[in-house]
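Letter by letter, the chains look like this.
Number of protein chains: 2
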Amino acid sequence: MRVAVIGVGITKFGEQWEDSFSKLFVDAGAAAIKDAGIDGKDIDAIFVGNMSGGRFIDQEHVSTLIADHSGLVPIPATRVEAACASGGLALRQGLMAIESGFHDIVVAGGVEKMTDILAGATTQTLATASDQEWEAFLGMTFPGLYAMIARRHMHEFGTTREQLAMVSVKNHRNGKLNPNAQFQMEITVEQVLSSTMVADPLRLLDCSPITDGAACLILASEEKAREYTDSPVYITGSGQATSTISLHDRKRIPVTDATANAAREAYKRAGREAGDIQVAEVHDAFTIGEILGIEGLGFVEVGKGGQATEEGETAIGGRIPVNTSGGLKAKGHPVGATGAAQAVEIVYQLRGEAGKRQVDADIGLTHNVGGSGGTAVVHILEK
Amino acid sequence: MRVAVIGVGITKFGEQWEDSFSKLFVDAGAAAIKDAGIDGKDIDAIFVGNMSGGRFIDQEHVSTLIADHSGLVPIPATRVEAACASGGLALRQGLMAIESGFHDIVVAGGVEKMTDILAGATTQTLATASDQEWEAFLGMTFPGLYAMIARRHMHEFGTTREQLAMVSVKNHRNGKLNPNAQFQMEITVEQVLSSTMVADPLRLLDCSPITDGAACLILASEEKAREYTDSPVYITGSGQATSTISLHDRKRIPVTDATANAAREAYKRAGREAGDIQVAEVHDAFTIGEILGIEGLGFVEVGKGGQATEEGETAIGGRIPVNTSGGLKAKGHPVGATGAAQAVEIVYQLRGEAGKRQVDADIGLTHNVGGSGGTAVVHILEK
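First to last, the protein sequences are chains A and B.
If you count the first sequence from 1, you need to add 677 to reach this note's numbering.
If you count the second sequence from 1, you need to add 677 to reach this note's numbering.
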């Protein structure tokens, strides 16, 4: 059975002082319901990607909070979590819910409200995605972990500091074209290289920001989809994999095995290969992350991600446009929402609704990572 | 497609100072794998029910932690959460994973490590299952919420303080027969009534304890199950529902709509009705909870739960034995693990492996609740 996306919705990403956690999700969900042309009563279940409501807003049980505040009680609502890959997993659980015959139409989305606590507590909470006993407890943070990966990538493959910066420059250029992006402004390589050092070699403009936001997709069985839309986007492939939670336990530091394994499953299910993908949202929590991503997904050879970026292959107009939305770097990274937001962007692209950042594509891919690569989830979407 | 339980495993419940969070799950999982007679490499995916690793042990991303520490990388691992109903939801996601054709054999389990933080912080963390802005923030705790439900149940239906105590007395009597239970000792009605007041009318011996523990089930498609066992237990029904997260928003305080709605779905999927159930594990986080549960599930008329308990209908040897394991009250309540542990007990009962607490049953049921009734999930298991 094929599963279609029949509607999408997303909030503005950024510091959303006026909106509560649940309102963000409800706003994105209502937009998706409207986009699908369905009614709330058509929804059978909700899957919510959320990394840490428990720490960011002192609220677990967020699935029921959302069902309640959406007026969708008594339908089932389930939160799924794997750190920053939570949104992608919500999408995958939504697929399983429909393909199993449990439900016909579900909301799969994600949400995070990160700005209600102090910045130091935010960093501590994000560090709960690493191994608490072997990484976080010893003072390791995510910029620190990705800095070590970046340093090793530079050492093994000759990736340059400038190439890392070029990821950020490209994504800000794209983000400027996205009215929902947190940062709608261009930056230069020089600005990246002179921005505040966070964890050598990564500087402030190599790092995705702290963001509030939500994104939702309405998924339907192919049969139901035909009732509501003439232009469904099908989710043809889904892949998910784990790796060691600690970076130091990986066989190779500058290669993300989980991405390669998740991609392999997704390509296999879709009957596609890397060369078929025409647009992709790739998990650039840090600039090095996008380079790891495009290598792990097979868009470029391992070690060649920096060079491909420098040569413009991943820019709009390039061979394989990556992060047309602005990516996590410029669009923003509300951690539990990101995987769902990536899929929303690909749906916009495939439906030809991406405005000034539109590319020509029939097949797109999303790549969502948890931790320093302990989880990866990949989806393939097709017109 | 039918899904079978081909193996179960559970840790000792209680204060487990020697064992880490992940070791608890790994121990339960290894026991389940051994029980199933399979090898780790036969496992396709892991679903982990966990309420609040983020607050109890400063660890989100627990699914990957567990896959890693189990040596099961790179298979997919997903955490699902709906407060104290997380374990039941893991079971349901496991069903969907198999029925959708995504996977053939999965681990569905739950785990919580609650004793690594101070008792006050534990109560605060449990309160994140209520509405943070309208309940927890104002000082409401779970004993307080259930106390209000109990008081209203007494007022509307004439349920007596002694009948509440009899739930606890029965479950301690059963727990004494369960070598994995946290409290293996009998208590009397008088002891319950003279125990420390927690939230009037609920006293200490009306409340389930703070517990560390884990429980796992190996689920397999019917076809795969036949390869490994001659005595599978099938999960024939699954139901899940939400209600308002805040108690004050419910139409009727002493009735749990979510339980009734989840039960309706589960009975329908299984082609069964309440009268067919021969043994059940019911969510007795507080004594009033079991009374609400047996009423919502249809074992007794609404309002008659206290009387049925007093008359011994729910005791071992009664019309419908409830919480033969000792229930949350005596077996213990590691919140994310509870739903899985309930299913483990029913599997033991259906396989005739429940030792001194064995009852005669071919059809059993589990009932797992999140919050004050904001989530309920019900499963029906049959030989």
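Source of the hints: derived by calculation from the structure; they are not laboratory data.
Certain hints may be false.
To be clear about the criterion: a stretch of chain B counts as covered by chain A if any three or more of its residues have a C-beta under 8 Å from a C-beta of chain A, and this derived list gives those stretches [to be verified]:
no.: 1; stretch: 727–733
no.: 2; stretch: 752–766
no.: 3; stretch: 776–790
no.: 4; stretch: 917–930
no.: 5; stretch: 1041–1052
We treat Cβ as the ideally placed atom computed from N, Cα and C, and that holds for glycine.
Hint by hint, here is what the structure shows:
{"no.": "1", "hint": "727–733", "in the structure": "holds (count 5)"}
{"no.": "2", "hint": "752–766", "in the structure": "holds (count 10)"}
{"no.": "3", "hint": "776–790", "in the structure": "holds (count 4)"}
{"no.": "4", "hint": "917–930", "in the structure": "holds (count 8)"}
{"no.": "5", "hint": "1041–1052", "in the structure": "holds (count 4)"}
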